[in-house]
Each structure stands twice: as structure tokens, then as C-alpha cells.
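The residues making up each chain are set out below.
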Amino acid sequence: MPYIPHDPDETAVMLATVGLDSLDALFDEIPAALQCDVLEIPDGISERALRREMEHRAAQQPDLRCFAGGGVYAHHIPALVWEIAGRGEFYSAYTPYQPEASQGTLQTLYEFQSCITRLTGMDISNASLHDGPTALAEACLMALRLRQDRNRAILVPATLWPHWRAVLETILGLQDIQLVLLPMDPGTGRLILPEQGLDEREPAAMIIPQIGIFGVLEDVDTLSLWAEQQGLLRIAVCSPYALAMLKPPVEWGERGVDIAVGEAQPLGVPLSGGGPYLGFLACRRDHVRQLPGRLVAKTVDREGREGYCLTLQAREQHIRRGKATSNICTSQGLLVTAATIHMGALGADGLQQAAWESHRLAVRLQSLLLDIPGVQGTCPGPIFQEFAVRFPLPARYLQDRLLEAGILAGIPLQDWGMGEDGDMLVACTELLDDQDLEEYAAAIRQILQEGRLAWN
Amino acid sequence: MPYIPHDPDETAVMLATVGLDSLDALFDEIPAALQCDVLEIPDGISERALRREMEHRAAQQPDLRCFAGGGVYAHHIPALVWEIAGRGEFYSAYTPYQPEASQGTLQTLYEFQSCITRLTGMDISNASLHDGPTALAEACLMALRLRQDRNRAILVPATLWPHWRAVLETILGLQDIQLVLLPMDPGTGRLILPEQGLDEREPAAMIIPQIGIFGVLEDVDTLSLWAEQQGLLRIAVCSPYALAMLKPPVEWGERGVDIAVGEAQPLGVPLSGGGPYLGFLACRRDHVRQLPGRLVAKTVDREGREGYCLTLQAREQHIRRGKATSNICTSQGLLVTAATIHMGALGADGLQQAAWESHRLAVRLQSLLLDIPGVQGTCPGPIFQEFAVRFPLPARYLQDRLLEAGILAGIPLQDWGMGEDGDMLVACTELLDDQDLEEYAAAIRQILQEGRLAWN
Amino acid sequence: MELIFGLDHKRPEREPPEGIPVSLLRQGRLPLPNPSELEVLRHYTRLSQQNFSVDTQFYPLGSCTMKYNPRIAHELAVQRGFSRLHPATPARAQQGLLQCLWELQEWLTALTGMAAASLTPAAGAQGELAGVAMIRAYHRRLGDSGRTRFLIPQGAHGTNPASARMAGFDVSEIPCGPEGDMDLEALDRALGPDVAGIMLTNPSVLGTFERQIAEVARRVHAAGGLLYYDGANLNAILGRVKPGVMGFDAMHLNLHKTFATPHGGGGPGSGVVAVSAALEPYLPVPRVGRDSCGWCWETRRNHPDSIGQLGGYGGSVAVLLRAHAYIRRLGAKGLRRVSAYAALNANYLLKELQRAGYLAAFPQRRAGHEFVLSLQDLRETTGVRALDVVKRLLDFGIHAPTVYFPQLVPECLLVEPTETESRATLDRFVAVMAKIRREAMETPEILFGAPHHLPVKRLDEALAARRLEVAG
Amino acid sequence: MELIFGLDHKRPEREPPEGIPVSLLRQGRLPLPNPSELEVLRHYTRLSQQNFSVDTQFYPLGSCTMKYNPRIAHELAVQRGFSRLHPATPARAQQGLLQCLWELQEWLTALTGMAAASLTPAAGAQGELAGVAMIRAYHRRLGDSGRTRFLIPQGAHGTNPASARMAGFDVSEIPCGPEGDMDLEALDRALGPDVAGIMLTNPSVLGTFERQIAEVARRVHAAGGLLYYDGANLNAILGRVKPGVMGFDAMHLNLHKTFATPHGGGGPGSGVVAVSAALEPYLPVPRVGRDSCGWCWETRRNHPDSIGQLGGYGGSVAVLLRAHAYIRRLGAKGLRRVSAYAALNANYLLKELQRAGYLAAFPQRRAGHEFVLSLQDLRETTGVRALDVVKRLLDFGIHAPTVYFPQLVPECLLVEPTETESRATLDRFVAVMAKIRREAMETPEILFGAPHHLPVKRLDEALAARRLEVAG
Ligand SMILES: Cc1ncc(COP(=O)(O)O)c(C=O)c1O
Ligand SMILES: Cc1ncc(COP(=O)(O)O)c(C=O)c1O
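Chains as they are written, first to last, in our numbering: chain A, 1 to 456; chain B, 457 to 912; chain C, 913 to 1384; chain D, 1385 to 1856.
Just so you know, these hints were derived from the structure itself, not from any lab.
Heads up, none of these hints are tricks.
Result set (DSSO-like, lysine-lysine): computed pairs, CA atoms no more than 30 Å apart in a straight line:
| id | chain 1 | residue 1 | chain 2 | residue 2 |
| --- | --- | --- | --- | --- |
| 1 | D | Lys1841 | C | Lys1347 |
| 2 | C | Lys922 | D | Lys1717 |
| 3 | D | Lys1819 | D | Lys1841 |
| 4 | D | Lys1394 | C | Lys1263 |
| 5 | D | Lys1394 | C | Lys1245 |
| 6 | D | Lys1717 | D | Lys1735 |
| 7 | D | Lys1735 | C | Lys922 |
| 8 | C | Lys1347 | C | Lys1369 |
| 9 | C | Lys1369 | D | Lys1841 |
| 10 | C | Lys1263 | C | Lys1245 |
| 11 | C | Lys1347 | C | Lys1263 |
| 12 | D | Lys1819 | C | Lys1369 |
| 13 | D | Lys1819 | D | Lys1735 |
Assemble the whole structure, with the sequences as input and the hints as a guide.
Below, the structure written as C-alpha cells:
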């Protein structure tokens, strides 16, 4: 039962070996004035009491059908994903610095890297960053290192999720890097390119999201081509389920992008109220020395047998210290393991099946909602699994009301300080079914009806 | 994703190898008249739809604080028990007929056997039977084989759980074995021994439960001594948590018992609405050739290294066929694994801590209930974790009413066709706390109050 | 590995409880160990790694159906709403569970072509016991208590005769012909007024389908006997052939073979029994029923003629839930795919192994879901026995097929690949078997000494029985 | 082992979706494999078995605190009520979660002796970044933008300088004296109006407690700088010494080292930051707050001076829940036991290894929760390097201690046994280390060739970098 094994006899013998007579004496080098108790923390409780308390806490979150997205999605996670990822040998291992004792983790990371390169078409992927937004920030820093001839500035599209932009502001802001905003056409939800090309500030790179903040698919070829013409590095922002259906960033424009990043949470990682998630970052082969984060490579042992190990560690903080490509150390190992197993468990076919179904449901829900009197679309473009809609009542109010029907209705755009009061970003995944959509629409219809009655 | 890997090409190649052109042709030796579809079974559904449906079904069982026992108990199961027992290598292995490839399961079974011998004090334990009641039935058959000089009859105490007796009736009844009932004193809840010893029928064995049906501890020494004097084999019925506190059967009477059986469910096996559980059966060394069920022994490999294998398989049906000591084949392997890990995880100290706490709570609840006007005790004897109480309202009605307070109040004795209308068998485990007891008592007080008001 | 008992730290002693006479209490310390949590975790995690299992190895163990049991069934069956349910909970607080069990009862009844089912038996053997007990009850109810003998085919699984004996019957064996079908003349000779019935699997333990089954049924019935179907091989005909249609009166299903419950190192299982209308009243209780308030457990009160209770409660509920989830996931079509691919894999593997030089016991027959090889030729030419071959297989990370069962084929292997193995796995198995065959000819010592690469070398089972060190 | 991509079965093609221009769609097949579920399960189960892990091996990896992380914390953190929660869920539908996070925020604030905490950083390095960013913001708010330099002790962990650089600072290193304490004169020389602050761990990466910490704090503060505490070594002083009391202004905690989250093969972690009152306004958002309706997420709207968001949402929630469960389970007393036994194990092990002939880098000092050995003597007498010794350890089923860190001790091992290991495990480690030492003297080839008994022999890391095969 106990986490600490020692019994009193063992403790006494060990203390004697050390030449002390009490546990507290082990701290005799620490000035007494610095030592104290922590009285604010309650007494410990048994495992069974803890379980009871925490089950109660967990039960306070109602079970909701999830129509919220915004970069993280409630996709189906096959039972075997965490069954395996949770095995002690994965769960309780350290970063695989000793490759001979870590082939399990290393090959899994290698397979993750391979999956990401296969999804994006890029040459090389690292083995995860903390989440999508930090991956994007790292990509920007990487681009700046690659293009030291340019200004320390990045073109940031107005169609990027606001919380991603916020992270860029924090991290890039520390190095006084400029974020140059590319405007969006509110009528289409797509970016507007400057007519004359760039002004004299000459940023190093442009961020190109495959899907804009209102869910509309960007014309990635046009954007990429333009960026190529401006001599900008291109940083793609992609989502893994969308990549199962949409054109991979290696094919965007004439020459493909330079770096592709995204949030890999949808690949088998539970939503967990906001984290931990995992970002991916893939790039061209010739950019690899500026890659942040861990990288696994295939090699051979002294008998010529294949094996895997961390590589190009000279990029990393534990070797290069202040000059590393990033300060990242602990990244998202176990989530990478889960994501890799998830992709294996679904397979190409399962991933596409889920993508197709999510798309079908989103298109159908969009039309169900637009059929309701008073509900308007925001942008007409093609969508993948998410779209914005304008309700005649405040989106926050509707979100609140739909909780009662066991529905998380989406993300009110005002939560991000965007759009109008009634704007809601709504996402579908294959976890939902047609009846859920109908119940969503019916609930909205009902509330709007009530509203109309109340106002008349 | 799929459970069956073959794609159409693979199927075609394999069929060609077999020399057939369709899957259905594989069944061409089966007369057509015997072949048909199963139209009554609904179409399959996706894993995600299945999860949703089954989560809904699971949620229909309310979360109850469990005061029901009757041989199976809601003890605390440490998180690591099923974490490990559920590992694929235990979960998806077969019976360890190939010992070199099954040392994990075999050593675990050996440790289970060792734990049971240590708990009971007996020499030898098998590696599980289906549940407590079948273990008792097997013990009776074993006793009859050991005592072929005696009548095919067993002394069955009236204090044995009725559902256990029902199983004896079914199984022993098939071989027309006689169950001779030893009566109980309803005032004490204990057995009454015949003044003159046995009549001429001379049964082979006597069953001695350590704890009677009303929860009262039997005077096992007196019972055992008497049975010794009658030349009867003694079959003890014990419960593992009780054995952590009470005298082990090897010490009962003058010479100890011959066979000890019990239900091992409390050792880490979830209640699961009735099963699967696991029975244990331990015996004296000289009775081992009549032991039913699997048995693991230590041995050495050809290099002298220690290892484990199944032993005395000549007792079993796959060798001895019709003359086997039992027909049992598949037993309760994974539950044995869980029970062994459970005992390890709790340790002697944890097991005793839980036993002591269960006892303390039961004694306290008994007195809380007896303080309520109108509530009576049934028997005065010492208890372990369970006791019977007589309510002035029907126990079934109270059980039903207490569900609303999130309490499973116990087992109405009338469910077993025993006692009076108001009699309830109430159990406590360490999963409960003092507040639960107080809420139980308060709920009873309240209902009785209402009742009195209604009747006045 | 060291035993768990070596991991023992002292914990403070406990005061004896008040109110219990000292004479009833344990004296001295409880001789179980006190490890730390990490010690326990490490000990059993490491032990687990010493096992072969379906999750880690190909496991072509005939008669056992070692297939992949979808993990979703496990996840759903152990949900808190099911796992914490005490069996004494009133029916109205367990409707979700009872609905699942009721549906399963219905589905299994349909799948077997029977009239009714009871979920209670804990494993196949207990199902058999229930089955023969029902047949016994049926005859007795007809006033016929002279039927004291049960027939089984030669080579039947050991539980068959053992269960019949446990239900008080004597047993006679019926031989089979060279193609694996039953010798009908021998059957006729065996039948008589003292015969209560016959127990059969179909496909039989030889892996071949008993083609004369309708005729067998006719003759047994004509002689006043009933037919019991041992469902261990149901995977072979799932969704295609109903035992009820073949003429069987009673049967069990091994849910732990066919329906998504893993073997768990030897259980738990479930041996659900299904019967014809004539036997329905005798089904073991409790059964799941429906009344005006919903689903409920029915007891002997509802079924006074029941053979009674076989276990403490309503069966291996958590196993039943897995089977329910599995059937719901696959549906009728999916179940038919199971038998189709089980048969395809078996027949393909048989052909390829024959090509590698192995001799089929019944070369002229289609394999069911499994097949028998005889290594008698190898034994004669090289001295290598079936046991040596399968021990050598372990070295290649492949579990041994069943050996020396069915007992009527000398030096036999019973091989069951199951539907969830890929062609690549089967091909690898064939390649290894071919290699072992070459080794047997060229360097038989390698086989006699096998296994070489496992945690232990070949274990001395005779010594184990002699020393009988069965607790530590 | 074969890659997952080899497990590929063809699946039927899918019609392109309607309503999306072809130019935006993927053309051709998605180049991921299509394995069966069993193939996936087997593949990754077998891979897992090739890992060392705390659950299977002793893992005395200095600076990493590879202790037992109670499984109950995992079980509770992944409950459906937490794991299925979308971060956009309104606060009123996540009160249970928010209450846990709020309590954790309070407890960690208390434990560190700070004024406030923010849970958002995803790992230690991100906590460091947040910390130095807050210090930067603090100075700027005072109008002082000339403080462009951060001090770190020589040999500090690589993330320290990397984080400082990432926040736009230059870095200077301060040497330490022969007993591991900081060289105060060097500190004085380094301090000046351009110094923003200093980053320290205590115990330092040498495993020794910086005894002059109060004096260091006084001098840095006097020079206008602030002190940042790298919490990676908190296990050493848990519940005994509060960084706030030592004089630190900001710090992070590595919940994945000290608070029951496993390392998972390299994450996920959590680097909660805690700060003094002066820095409180700058804490990263979101933070967990309380208002009239209960608990809520507070954003930049509530904290306009915040350095901003470091990640998409509120932090590694599932990791935070594990930490919450762990603290709740242990309570204040339990936390003090952690540091007591971490220290006992480290000091005992150091003594025993010294007895076995190994040289402590700081023999005159008490070990914290870890200690440094130098194998320089071995290298000089036998040519055996620290790397050879730890590779050989792997052969005995013991994970390598940290090697070549801290960089200032030649041929060093950094050994951290943690509190959850038993004396028996430590004694076995000592015995193995003694044996390896003998091997180094007598048969050094064994060490140069190690490991010998793992799935692969020593891997060629140089070749890996040269070939750079990083995807398949
Ligand atoms: C043909 C056959 N019949 C019966 C059984 C007995 O089933 P159980 O092990 O579930 O009791 C088996 C089990 O292997 C079997 O293979
Ligand atoms: C001393 C020290 N500081 C900082 C860190 C970085 O923490 P993280 O890996 O959580 O980013 C580590 C991690 O090993 C460390 O040991």
C-alpha cells in the first residue's frame, strides 16, 4: 500500500549508515531559519476517500454532446489507444536518452514522425511540441533563424484562431518580433492579399491556415503562390483530420510550404478541459538544423541491427544551452505515443471515414440551422467540419440554454472578442449522429420561438 | 480498425490456395438444409455508437453506497490491481499448459495458492473454482471421495447462506447425495448440535461456516471438536477479509479442518452484478489427490533454474476424463491474478486495516440502528462486518425507500425466504464512512417516523 | 523470479478488536507480505512480461479459439455502472444491466436456433453439467429413470465425460470412421433404453463437420435420447448453422471462446446454455425475464421445474456484457464473417502446411475452423515428438498448437488460427514450421532441447508432481 | 521491429466529398497504413516491452525524479467527467474541475511560500520562460529596460540559459566553490544595473544545498535583480523549505517530477509558476479564480498586465489533476515524508557507493535528493568512461543515472534514487556497481561493449545524425 517502502527498522539502519539519528537531521545543512512546515495543506486521506471525493468532482461536469471545436475536437478514440499508451512501460519511462533501453518509445516516436510527414507531405517532422499554438510560435522563430536577412517580422493572418495569435504575441513579443496582420474579408471569411505586394518591412514568413477562423477553407494555393512571389517562407497551419481529406501543404502553391504545424490533439488525445495536448511541426529537409524539439532517427547497433535514437541533439538546450533552437525539454511523449497508436488503430481508412462523416454532419447541421427563421450564415465558402452561424439571440445565451439539453453548442465568437453577439462557431465530429443534429436544431428553434413570443 | 484483417485481394489469393472461389464455398461439406442466416440479430454498429449505447446502459444503474453483503462485499480495490491484471499478457493468455511460455501466470497462481494457504493455514490450495458455492459443492464431493466408507451424505448447517445451499442441492442432488440439515437456534443465530451425536446415517462430512447467516460468529472450536468426535471430515466456509481477523480454520477444534473453502470475490474482484467471482479451496496435504481444479507447483528446468508448471493434471478432466476429480476446465484465471495482486497491493497490514475498519463500522451501525425506536436486534452474538436487524416495516420496502437516498440498505432476509418481514442483513466495508452510517440511520428514523404518523 | 513474499516491510501491530472473544481471533501476525505499491507493481508487471498471450504472440491453440477480443468490449463491460453493482440490488436499480442481459439471452437463443437460454453457467463445463442435468430431469419427468448412460464420440473433450459423470451418468464412447464422421452402426449398437442422450461438438474435435448429423439426431431421438451440443467450436459455424436446426436439444456456448471474452490465463468464462422448448422448464435459474415493471431476475419461484442454481448469482455478468457488446458491434453479418474467415484461415493454413510436408489427419476433408495434423511420420523417421515440435515453436515467438488432443490421432497437433490473424502471420507460421521440420531431420537435438530462448528451459513436470511444492 | 506501415490491408476507396473544390482536396491515397486492430495492439504492446520504465526497472536518473507515481492519480484524472470536457465549456458546467484546479493553485502557492500561482505552463522550460518574462515585465513596468542580462550558476540545466535567451536576455554564468556553494565574489562582480535576475535551483544540480542562499538573495535584491527558482529539485525539500522564504521572487514546479505525473517517455508535463506579490500581476493567463457564481477562468480581461497566454488553454489539466490527487492523498505530513525519504535514500546510497570505491564529487557535503559521483579516477586507470559504466548497468536491468551532467564535474554520474525505492533495491544497485567496478579493472572490454543483453547493442548515434533517416 504505501508509496514509501521503508519500515522503522530499515529507516534506523539506513540512518545509522549515514551516521545520523533522525530523518530531520538529513537537512542539517539547511539553515534552520529557512525550514518550516506547510500548515495550509489539509491532512492526507486514504486512497478510497480520495477516489470518492474525486469521483464526485468528476461527476459535476455534465455529459455533453460536443459541438465545440476551435482547433481541438471530440473525435472518437478507439479503446485500445489508451489501453496501450497507458502501459507502465510507456507511461513511466523517461525521455529516451538511453536508446538501448528505450527502443519502444523511440520507434513509436519515429513512427509518429513518419505519420506526420505522410499526412503533410513534408520531409521531416519533430516528435512534438507543447501544443499547436506553441508549435506555431516555434515555427515563426525557426523561420526567423532561417531568414536572418529579413526583418524580424511575421505575416499573421486575421483568420488565425485568436488564442493562437495570443500565444504568438506572448512568445514572439519577448523578442520584440513584429506581427504584421493580414486582413480578412468578413464577407467570405478569407484573407485579403495586399494588391501591391509587401511594403518595405519585408517579413521573414507568412502563416497560412488551411481553415480560417469561421471554418471556411482558404484558397491555399493562391496564398502560397503569393507568398512565394514575395520571397516569404510559408508556414502552414493544418489540422490532422482535415489533412485526411484536404490537400497536403507540400502541394500548396508552386513549391509547397516550408514548415507545417498544427494541433495533433484530435489524434487520440482527450479534450481534458484544455490539455495536455501536442503540437506537431514538420519542415523541409534543408531546414532541419533549425528544427526545435526532439527528433528520432534510425541507425544501427554495433552488430548492424536496426535501432533508433535521438538525433541532432546539438540543436537542443541540454547541449547547445543558450543557443539551442528552443528551450523545450519535456515535451508531449505519452501523447505522441497515443497519437501514433490512434493513427494505427484507425488506419488511413478509419481516419478518412471519420473525416468524411464529420464533414457530412457539419454540412447538414449548417443547412438545418440556416433553415431556421432568423438564423443567418456568415460566410459562404466551403467548410470541413466547422462553420460560423449568426443567431438572432446572443450566442452565449444560447450556449447556456443548450446545456440543459445536454448540448455544448459551440464557441460564441465574442468569447474571442470577434464577430457579433449572435455569432457561434459550430463543429461536428463523427461522435455525433443525425439525431443529435436534429435535436440541436430543434432546441434552437424552440428557444428562438420563445424569444419571439416574449418580444411580441 | 477491423477485427478481421483480410482485404479483398488477400481473401482472393487465399481462396485460390484452397481451390475455392467464394467464402461460402468453405462450408460446402455442410448440408445446405442445415445452413441459414440469423435474421433476428440487429445490424452491427460502429465502436463509437456502441460506446454511446453501453455508456447509457451503464448510467442507468445509480451509484449506491453499498450495505449489502451476503458473501460478496464492496471492498476497496487499489487502482493498480486491474491496471496490471488487465495487461494484455495476463488478459489474453490461455491456461498455462505450456509452462515455459506462461511463467507469469503460473507464478501468479502459485502466489495465490500460497496466499490462500497462509490465510487459512491449510497445506494446499488450488488455483480457484468458479465461485464460493461451487467450491463448497466440490469440497463435499471431495469429502465423499475421501470417505467412501461413509454414507453419501453431508451435514449442512442451517446457518449457511441459502444461495450456497441451493447450489449444493443442484450439484449434489444430481448424484443423489443427501443433505442433512443441522438446525439453528433462531435466538442466537448459531447452530445447535444434536445432543446424542449422529444417527445411523453417518454422513461423510460437516460444513462449518465461520460466520452464520445472521452475521454471528460461530463457535468454530466447539463445532469442529464435535465433528471430530463424530469422525466427520470438517469443511470450513470462510471469507478472506474475516480471516485477516479471525482464527484460521487450521486451528479450529483439536485437529483443524480438512477442507476450507470460500468466496474470494472481496479480494479485488468487482461485484459486477453477480459475477464472475472466484471460489477458493484449500486442504490438507494428504487429501491432495482428491483436490478438484488446477494446481501449480514449483519445479526446475533442465538447467536447474526454478520455474512453475501445472501439476497433478491426472486429477483433471483433460487426462482422467470421466474419472476426474471435477469436470472443471476453464476456471477463474484472471480473477486469481487480480486477487493475488490485490493481496499484494494491500499487504497484510492493508487487509487487516480494512477488516478492522469494516468491523468497527458494522458494530457502530448496529448500535445506531438499535437506538432507533422500534428497531430490534435478532441475535446477540459477536459479529465481523455484517449483522441482521429487525425493522418494524418490511425490509423490502425500506430497501426500496433507501435507494432514493443513494443507499443499498442490505439484503431483506425474505429474499432468501428466511426470517421475518422486517429482517434485513446489513454489511459494512471500509468504503463507507461514519457519515454514511449516520445517513443510513437518519433515513431509517425518518421513514419509521413517517410510518408512525401515517398509522396514527 | 523472487516471490512476492520476499517484499515485506514491517508495519505497526494492531490492537485486537473489542467485543470478539479471544478464542475466535487470529493469534500472531497474518503471514502475508507488506510490499510498497511500487514493489507490487513492478513484481507483477515483470511477471506479466513472461507470458505469451494473444496480444503479443500468434496463438494457434486448437479448441481454444485464441482470437482477438476487441478491447472496446472490455472497456464497456467494466464501467462503474456495471462493475459496482451488488447482486442484491433491486431490479429497478439495475434495468440497464438487465436489458443487456435480456437482449443477449434473446440473441443467443436466435443464434443457436433454440427456444430459450439461461446465462448462469460459469464456463463450458458447467454448461455441460446443466445440459445433462436438464436431460436427466426431462427423462425423470417422463417417469423414465432408467436412462443412466450418456454417449460421447471417441476422443471427445474431457469435460464431456466428466460432466456426464458428475450428473450421475455412465459414459460410452462411439468411434468414428476414417473421414472423421461418426460410425453410425456403432451408434445404433450403443443406443438403447438406458441411453439418456449423446454429447457432440460439430465441427467435432477433429475439426471436421459431422455430415450425418441429421441422421444421428434422427436415430438418437428415435431411441428416446436427446442430443447435447458442446458449443466450444461454434466459431466455425457462427451465423450459418444453428445447432437447433441440426437437431440438438440442449447446448452451451463458451462465450470466452467465441464472444470476445479473453481467456485471462484460464478464465473467467461463461457457458450459457440454450435448449429446445421441451427442456425450457428445466433451465438453471436465475434467468432474465420481463414483467410489467421492466426486466427482472426470475428464480425458482417462476420456474419450479428448474434444475436449480449452479452458482451464487446470475452468471458471469461481466463476461456476458462483453459478449453483448461484441454481438451488438458485429451484427448478424459480422458474425457470419467471423466463421467465414475462421474457415478461410484454417483451410489456407492446412494447405500451406501440407505443402511444407506436414500430414493432415483428414486430408480429404475440408477443415472447419481448425484441423488436425499428425506428426507420426516425423516421430518414426527422426524420433522427434509432437511435443518437441511445439516447444521449438515457442522459440520463434509462436504459441504451441494443442498437442495430443484429440487423443485418437497419434502425435497430433490441433491447429486453430482464428479469423483475426492475417495472412502474413499464417505465412510466417508456415515458414517456421517448415524450418522446424528441416531441423527435425537435420539437427533433432535442437528440438529435444527446446525451448532455448524463453525465461526458462524445458521444465521438469514429473519432478513438480513428485515434490509437490505448491505453496511458498 | 518492422514498422507499423508494413501492416497494410487495402480498403475500398471513398468518393470525394461534395461541395469542396477539387483543387482543395487531397489527390491519391492517404499514405497511412490500414492494420487490423490486433496487428496494432500487438505491434505497440511488443514495442512497449522494449522499454525500461519505473514500473519495471530501478531508474536512478538524476535531475528527473523517476519515482513511483501512484496509479490512483492516473485513474482519477482520466475520469470521463474530466477527460471529455471541451475547454470552451461554460464555467458553470465545469465547477468540479475548476474547484480542483483552484485548490491546487492554493496548495502550490502555500507550498512554495509565494503569493500566487498560475497553472498554465506546459513544462518546466515554459515555466522558466514565463518566470523570466514576468521579471522582464516587472523591470519594464518600473521603467527599467536596461536590465538585459540574466545570471545562472555554472553548470545549470540547459533550459535555464535557453529560456533566458528565448525571453530576450543575455546570460552570464557564476562559478561555484569547491563545496558546491556559489562563489559570492564572482556573484558580486557579475551583478550590476544590467542584471535582471538570477536563476537557481536549490539543492543545485550538484545535489547540494546552497547554504548561502539568503545572502545570495540579499545581494541580488540589493543590486535590483530578482531571483528565479528552478523547481526541478523540489522533491528534495518538499514540505520543509519554501522558495519564497529563501528569498525567491518567482519559480516553477515540475509537476511531472515531484507530483505524481509520470514522464511518459518525455512528457506531458506541467510547469506551474508561482510568484511573490510584486510579480503577481504578470502571471500568465488564464488563471483560476472565484467569483460570485463559483470558480472561473480569469483571462487578460481580469489581469491586464499579464505576460499573456503561453498555450492555447489553461495548462496541462490532466497533469494538474494528478498533482491535485497526489497532494490530497499525502497531505502536508506525507509531503514532508517524501523529502525525508528522498534524502535518506540519496545519502544512504552515496555512503554505500563510496564504500564500494566510487568517488563523490562533494564528499564533505550532505546529499540532497541526489548526488554526483565522478568516475575520473576510473577513466584514468582503466580507460573506462562514465558512459561505459552506465551502459553496462543496463545489462543488469538498472537504468543509467544521468551522465555528463552537471557538466562541470568530469565523467560524472548524477544519481537520484527517489523516496519510493526500497533499501533492498539500493543495495542491489550498490552490488551491481561494485561488480561493474571490478569488471572495469579486470575486463574493461565487457564495459566497452555494453550493453550486451538488450534488444539492441550499443547504437551508432553519429551515423544516425549523418544519415538522418527520420521518417519511414
Ligand atoms: C471441445 C471443448 N468442449 C468443452 C470445453 C470446456 O469448456 P470450459 O473450459 O469453458 O469449461 C472445451 C474447452 O477447452 C473444449 O475445447
Ligand atoms: C534542473 C532542471 N531544470 C529544468 C528542467 C526543465 O524542465 P522540463 O523538462 O519540465 O521543461 C529540468 C528537466 O529535466 C531540470 O532537470
